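Enquirer: Sequences are here, hints too, so could you generate the full structure?
Numbered continuously in this note's numbering, the sequence shown closes out at residue 233.
Quick caveat, the hints were computed from the structure, so don't treat them as lab data. The structure displayed is predicted, hence computed values, not measured ones. Hints may contain errors.
Computed Cβ-Cβ distance ranges for the label pairs, DEER-style [unchecked claim]: (1) 187 - 28: 39 to 47 Å; (2) 190 - 104: 19 to 27 Å; (3) 22 - 224: 33 to 41 Å; (4) 201 - 92: 32 to 40 Å; (5) 29 - 231: 18 to 26 Å; (6) 44 - 201: 32 to 40 Å; (7) 197 - 35: 36 to 44 Å; (8) 104 - 24: 15 to 23 Å.
For glycine and all other residues, C-beta sits at the position ideal for the given N, C-alpha and C.
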Amino acid sequence: MHRKESDVSALPGSTDSPPRRTIRSFVLREGRLTLAQERAFRELWPRFGCDWTPGVPLDLATLFGNDHPVVLEIGFGNGDSLAEMAAQDPARNWLGIEVHRPGVGHLLLEIERRGLTNLRLIRHDAVEVLRDGIQPAALDGVQLFFPDPWHKRRHHKRRILGPALMPLLARAIRSGGIFHAATDWEPYAEQMLETLESIPDWFENTAGQGQFAPRPAARPLTKFEQRGERLGHRVHDLVFRRR
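Expert: This is the structure:
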């Protein structure tokens, strides 16, 4: 279905061009690369990495060499779960965005180990990529798993899923596409739910109004999540469909 171009401009306070962002949701801490990860950047990045030029829209069909649907993951960490999803769903292309080099290097090695051909990586601020690099309705879905909750109240403005991200998601995801988020920090989960349900003309809660979704089978259970469950941390999944 074709998305109406008027949808994004309908958000109160928005304009045709989403606002520029000055507060980042991450702090860039460069960890030391292993020798294997250094090799991955030398040998594998030219094939599976994308050196995106800020402001230049991505040609996803050229990037992947086909026109399969594309799912974008914001902040994939070490990338193990993203590699698993790409392996389990080869009919879709997967675009992972992460700023931390060791995580990118780890996933490059996992791509090589698994022989994946449907996964590409960008090392950049995901919000800038969504804003300036993704064409309208170009994505089949967007994923955001266990983002930094920025626990202290004075840091809440750094949380990535807030009102400023909504027009970017609405613009990038096709009608019928999915935005899927997950967090084990309950106050952030409640904020996410409120934010996503604040514009019902854009997104529909697949679990029902005010409800969290059960973990979809397609989302792998991560070591981080398993550890959290042992500590009694409930994980909240939010699965919303673009109208």
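Enquirer: Where does the structure disagree with the numbered hints, that is, which hint numbers, in rising order?
Expert: Violated hints (numbers, rising): 2, 5; every other hint is consistent with the structure.
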